[in-house]
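Protein chains in written order, with my numbering: chain A, 10 to 317; chain B, 101 to 332.
One or more hints might be untrue.
Among chain A residues calculated to face chain B with C-beta under 10 angstroms, some are [claimed, not checked]: (1) G211; (2) R216; (3) A219.
Keep in mind the hints are simulated off the structure, nothing from the lab.
Just so you know, even glycine gets a beta-carbon here, dropped at the ideal spot from N, CA and C.
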Amino acid sequence: MEFGPHLLLATLEGAVTAAVLALTAVGLSLVFGVMRVVNIAHGEFYMLGAVIAWYVAHMMGGHPALGFFLALVLAPLLVGAIAVLADVIILKRVDYDPERTIVATIGLLYIIQQLTLMTYGPEARPVEAPFNSRIALPWFEWGENGFQFYYPWGLSTTSYKLAVIGAAGVVLLGVWAMMTRTKVGLLMRATQADRDMALAFGIPVERVYALVFGIGAALAALGAVLIVPIQQAHYLMGADPLLLAFIVVIIGGLGSLPGTVLAALFIGLSDGIISVFFSPTLAKILATLLVGLVLVWRPQGLFGTRTA
Amino acid sequence: MMLELRKINSGYGAAQVLRDVSLSVAPGEILCLLGRNGAGKTTTMQTIMGLLPLMSGKILLDGRDVGALPTHEVPRAGIGYIPQGRRLFTGLSVAQNLEIGLQVRNSGREVLDEVLDLFPRLRERMSQPAQTLSGGEQQMLATARALCIKPKVLLLDEPTEGLQPSMIEAIRQVIVKMREAGVAILLVEQRIEAVLSVADRVAFIENGRNGETMTVAEMRANPHVVDRYVGV
Ligand SMILES: Nc1ncnc2c1ncn2[C@@H]1O[C@H](COP(=O)(O)OP(=O)(O)OP(=O)(O)O)[C@@H](O)[C@H]1O
Ligand SMILES: [Mg+2]
């Protein structure tokens, strides 16, 4: 394949990664922004989303779309509910103390992971995509007849991958609208700005925290349901998304949602492109290096604002 | 009495600051809390708001025990708080900061209009981010935000800190209007002449304990008392 079509293919693969990464990272960023909790168990909520999706799809039978769409609703809800429980039972008990919540969520990570291993097992299991037709993509060239389109061999994507990108975009717009246009979003932002003043103005901060932790986990689970027809569900699948989400959140500026989305696009696309042309390992090395550089020269992140 | 503290003890974790502090403020009265830096004035206000745990004692609002309420229920009972240093919600616009005040007790739009009539400058800046306001405007917003809950009791912690005279006068007039409306006002103020011009009674506080409480007339007659509690 020539360079141009090859680059288009890599960009599309990267866009799928970026879409799912943006969902996961926005969840992590929301939790950090509002609650100041560094959630090490975030990747496990992602994994749970995929595993629950497999269970739902497996038990539904019938047309794959049936199980998939049910999972798309149920998995985020269930994972969100588990996260709310974890918030009330664990994080609230340690008073949301920054250090102790890190230790607590590390514990949560292992509990979720081992429980999944004991019940779901060590296998990687696929979920069938609800639809998956191949779409050949055109490229153009300047031939002897001037400008013309043609379909290079191997340059294709699937309808499902395009749907993942679209769905992630819609959900992210939804999160943005919730934060900027609704009352609950206003209460979340006020809590984020000053927890004590939020309390002094009647905001039930504990309930806001439980909700935010639930939404953050549900976003990770949703990303996982979207990716599981492409990647399979496995009890260790949470590690990579956790690392990438942290990279994205740090580069984007802790707690800044637009920054997080832009950074997810950047990291996801460059991951896709570098992986195709060089190697996936190099992509990870460069992303981690970028985090190091950002931390040294712009600790507030590329889009974050420095807070006193 | 509208607001009454009965022998409250509180502090930060293991460090106790307030010891058996008692105060009372009647409706339509301004009680000024006077004391040196670190005497425990801000601590008193934060304890009333439920932001610091009450170790013992009672806080009554119109006879209701608000010291036993969950923190976020305290403002809903009708206490408006204007904290030291303003502490606006950064990232939120002026309108959104006021919105937070309005939702505390589901105040209607007419409350917002009344409040904005007191601070016309805020009306022109409704969509401006709170943190970009000037210092004086920020103090107006902090005051307006607390008035949006239609409080029965207003706590003001050094509202004139760092303001120019015209702005101090504007804040003073609003405080007086609130008194006329029957609000019970607990005011922390360092400048003695400002205290004399606005307060009804003065309660001194020293090392977290009650000092004397007296009317402003009594305070005028005994200037040495002021020196004892706040002199250098
Ligand atoms: N977060 C905190 N942790 C521990 N001690 C504190 C804390 N905040 C205040 N203190 C202590 O409590 C005491 C009372 O402080 P407070 O802020 O109530 O004083 P204040 O009367 O408001 O003084 P100022 O006039 O300077 O505002 C001080 O000794 C202070 O050091
Ligand atoms: Mg103070």
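For each hint, the structure was consulted:
1. Below 10 angstroms, beta-carbon pairs count as interface contacts, and G211(A) has one with chain B at about 4 angstroms; its hint therefore holds.
2. Interface hint status for R216(A): upheld, as the beta-carbon distance to the closest one in chain B is roughly 9 angstroms, under 10 angstroms.
3. With a least beta-carbon distance of about 14 angstroms to chain B, the hint placing A219(A) at the interface is violated under the 10 angstroms criterion.
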